[in-house]
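Student: Sequence:
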Amino acid sequence: MKRLIVSWRSKLDRRAQERRLNELPQFITRMLFVDG
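Numbering (our numbering), first residue to last: 5 to 40.
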């Protein structure tokens with residue numbers, strides 16, 4: 005049971021990191037467009 009929770013948590017963290025990486029370019033372009 006404990007191992008199941010740990011693996012589920014790591015999978016969730018990985019998904020969060022991927023989402024962050026996907027949002028990063030959009031964030032950068034938005035900053036550039038707003039500043040420029």
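Worth flagging that the hints you see were computed from the coordinates, not collected in a lab.
Where hints are given, some of them may not hold.
As the list claims (entries may be wrong) - Each pair of labels, with its calculated beta carbon distance range: (1) R7 / F37: 26 to 36 Å; (2) D39 / M5: 42 to 52 Å; (3) P29 / I9: 43 to 53 Å.
Claimed, not checked - Below, computed lysine to any residue pairings styled on SDA-like, alpha-carbon distance capped at 20 Å: (4) K15 / L25; (5) K6 / L25; (6) K15 / T33.
Here a beta-carbon is modelled for each residue, glycine too, at the ideal position from N, C-alpha and C.
Student: Now, for every hint given, state plainly whether the structure supports it.
Tutor: Verification of the supplied hints:
1. Taken as a hint, the range 26 to 36 Å is violated for the pair R7 and F37, whose Cβ atoms sit roughly 46 Å apart.
2. Distance hint check: the CB atoms of D39 and M5 are about 50 Å apart, consistent with the given range 42 to 52 Å.
3. Hint check: P29 to I9, Cβ distance near 33 Å, so the stated range 43 to 53 Å is violated.
4. Of the supplied pair hints, the one linking K15 and L25 holds, its CA atoms being roughly 15 Å apart against a limit of 20 Å.
5. With a C-alpha separation of about 29 Å, the suggested pairing of K6 with L25 is violated against the 20 Å cut-off.
6. Of the supplied pair hints, the one linking K15 and T33 is violated, its CA atoms being roughly 28 Å apart against a limit of 20 Å.
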